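*Asks:* From first to last, the protein sequence lines stand for chains Y and P. Numbers in the numbering used here are just positions in the first sequence, counted from 1, shifted up by 56. Numbers in the numbering used here are just positions in the second sequence, counted from 1, shifted up by 56.
Calculated from the structure, these hints are not laboratory results. Among the hints, a few may not be true.
Copies of the same chain look alike in the list, so a pair counts if it works inside one copy or between any two.
Stated by the list, open to error - Pairs of lysine to any residue residues, derived as SDA-like cross-links and limited to a Cα-Cα distance of at most 25 Å, are as follows:
id, residue 1, residue 2
1, 96, 130
2, 96, 147
3, 96, 146
4, 96, 137
5, 237, 112
6, 96, 83
These figures come from a predicted structure and were not determined experimentally.
Protein chains: 2
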Amino acid sequence: MRFHSPAIQYFHAVRRTGSIRAAARLLNVASSAVSRQILKLEQEVGSPLFERNARGLTLTTVGEMLARHVMNVLQDLDRFRSDVASLSGTWHGTVSIACIESLTESVLPDLIASHRGRARRVSFTTEVKGSTDVLEALSRGEADIGIAMALRHPPDLRQVALKRFRLGAVVAREHPLARRKTVTLTQCLAFPVIHALPELSIYHLLQPLIAQLSETPEPAIQANSIDLMRELAARGLGVAFQTQLGIDRLSRDSRLVFLPLDNAGSPVWSDLGIYVRAERTLPAHTESFLQELVRELGERERRENAAYPQVA
Amino acid sequence: MRFHSPAIQYFHAVRRTGSIRAAARLLNVASSAVSRQILKLEQEVGSPLFERNARGLTLTTVGEMLARHVMNVLQDLDRFRSDVASLSGTWHGTVSIACIESLTESVLPDLIASHRGRARRVSFTTEVKGSTDVLEALSRGEADIGIAMALRHPPDLRQVALKRFRLGAVVAREHPLARRKTVTLTQCLAFPVIHALPELSIYHLLQPLIAQLSETPEPAIQANSIDLMRELAARGLGVAFQTQLGIDRLSRDSRLVFLPLDNAGSPVWSDLGIYVRAERTLPAHTESFLQELVRELGERERRENAAYPQVA
DNA sequence: TATAGCTGTTGCCGAAACGGCATCAATATG
DNA sequence: CATATTGATGCCGTTTCGGCAACAGCTATA
Chain Y
57 MRFHSPAIQY FHAVRRTGSI RAAARLLNVA SSAVSRQILK LEQEVGSPLF
107 ERNARGLTLT TVGEMLARHV MNVLQDLDRF RSDVASLSGT WHGTVSIACI
157 ESLTESVLPD LIASHRGRAR RVSFTTEVKG STDVLEALSR GEADIGIAMA
207 LRHPPDLRQV ALKRFRLGAV VAREHPLARR KTVTLTQCLA FPVIHALPEL
257 SIYHLLQPLI AQLSETPEPA IQANSIDLMR ELAARGLGVA FQTQLGIDRL
307 SRDSRLVFLP LDNAGSPVWS DLGIYVRAER TLPAHTESFL QELVRELGER
357 ERRENAAYPQ VA
Chain P
57 MRFHSPAIQY FHAVRRTGSI RAAARLLNVA SSAVSRQILK LEQEVGSPLF
107 ERNARGLTLT TVGEMLARHV MNVLQDLDRF RSDVASLSGT WHGTVSIACI
157 ESLTESVLPD LIASHRGRAR RVSFTTEVKG STDVLEALSR GEADIGIAMA
207 LRHPPDLRQV ALKRFRLGAV VAREHPLARR KTVTLTQCLA FPVIHALPEL
257 SIYHLLQPLI AQLSETPEPA IQANSIDLMR ELAARGLGVA FQTQLGIDRL
307 SRDSRLVFLP LDNAGSPVWS DLGIYVRAER TLPAHTESFL QELVRELGER
357 ERRENAAYPQ VA
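With the hints as extra help, turn the sequences into a complete structure.
*Replies:* What follows is the structure in structure tokens.
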């Protein structure tokens, strides 16, 4: 089912690989064929699409416009294929997800498990990245659904939903803070702290608050893995911070306690956004999963914010 | 700039004309070429796209799916072309509008005039139709922007805005009702009435209300042209009904008076919707005009509802 | 009922497009 | 300086495409 000009697919491959010869290898054709299609394309558009560097090719402005069009075409072709397949019975769909680490603990595995229970022919591809990488992967068409911290997102993405979760401290059960209901940042900084590295968005949530305090924090551990930070906290090595998305596991794991942060009387929110490419209609099975995802995250938001209703 | 498979364009032409030979004439190619491309397409999709009637071709279910994809591709190609052209200076855009008659009196001409004053290289194509025809034309990709009565719209259309205008009676200045501020339907039906035919949406707005009254209306004139109905009213031939969108002209035209309808104490609203195809990104110049249209209609809604603030 | 006019399809053939191979100049890397 | 890799190009066989003419099927009209 390849009724689109080879030029379209070749261009797409060259854009992704950044090189004509690499694209040719990917497509199992001679590099000359790819080169000629690109040249022909540039002639028809009337403007160069790539800048030829010695190391490969980079998109020009016009090239980026065409890349946008080509991506729209290929993604919509995907949707069409999926529609036809679901009609004819022979059917198998894939949902590709890019998300940040916070989701891996329970939200995503639970959702995928329950979804595959009902729709067994849907397979999943998930990739865990930082928030900005999630959005970039989505822009480049490398994922269908993106879940990331709700930063400013590029205009080619659409924010399907925005859910806010409490940011809190995670400490071992024996930690002096563990008996409190909530904690302030100042209280936490009196103890060793397990900091997030700048590549985690928790860093960007906490940094401005810490800077405001103008105190010298204790020497601390820094890490870029939420899971690792949690394990470190469990071993009593300090206070970690994370969004309250793992309430199930936390309550199962009796070693850890979650304490919502209290910042001058108000909670500290961590906004989680669900994104898709704006110029795109999702295949039916992807759309269906997306709605489950939104519903489930909304459910968790409700449940967890009810569990810790108010800052003291 | 034709970097898409000929099959795509051929398919599109066949779908529009409903015939292979007609499509071939449209495309200036032999009918055999078109036939073969369609057959090839069907082979690649693995399912027939058209039902061959003796008189021509009709889309199958799969064919309609492909038609949707092809339309998305071609419309997005249009946008890409427009983007490139606006970058390279050589530029000319067209905005294609399908709308109902209510707009022709002042809203649309005023807007087009002011828009062309600023963006002289944008040309316009407007087609006046009934509300359902407007939506269908939009679905078929024959227009960029549709303005129609806000009925239930097909799911492939997106309602960009919804504006409500008062429905009212239009009478000659010398008409006995002319001195009133508002009128009820019962009061109107005491006089000869100029009815809208079912093809005008005013008919569908008024018919349920008239049916409720269970009175025998006076023998009346029926027409399917808002302009004609207004002219008939101006000649004292009866009471016409229309949405209050021509306030400028009405106030200039001293022969006519507009009287908002009062239905059991509440106004009678006529909902006007602005529509675009959902699975589409508009070219920049079209999007720009669309926003002006929404703004202007909102402005009129505000102004005209302020002019006749409340039912007595 | 016969005819004329339409429909889409198919065989044949020339023209255009496509892809593979070998090669070239330019550039980066060791 | 030598080597490797990049994209571009000339040559050539294969594939695809499009035009012409003919065919079968259907409809409307006389």
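*Asks:* For each hint, tell me whether it holds in the structure or not.
*Replies:* These are the hints, each one checked on the structure:
1. For the homomeric pair residue 96 and residue 130, the shortest alpha-carbon distances inside one copy (20 Å) and between copies (20 Å) are both at most 25 Å.
2. For the homomeric pair residue 96 and residue 147, the shortest alpha-carbon distance between copies (22 Å) is at most 25 Å, but the shortest distance inside one copy (36 Å) is not.
3. For a Cα distance limit of 25 Å, the shortest separation of residue 96 from residue 146 across copies, 21 Å, qualifies, whereas the shortest one inside one copy, 37 Å, does not.
4. In the homo-oligomer, the alpha carbons of residue 96 and residue 137 lie at most 25 Å apart only across protomers (16 Å), although the nearest pairing inside one protomer, at 28 Å, exceeds that limit.
5. In this homomeric assembly, residue 237 and residue 112 never come within 25 Å of each other (Cα to Cα): the closest approach is 57 Å inside a single copy and 75 Å across copies.
6. Proximity of residue 96 to residue 83 under the C-alpha cut-off of 25 Å is found in both arrangements, the shortest distances being 18 Å within a copy and 22 Å between copies.
Violation of the numbered hints given earlier is confined to hint 5; every other hint is satisfied by the structure.
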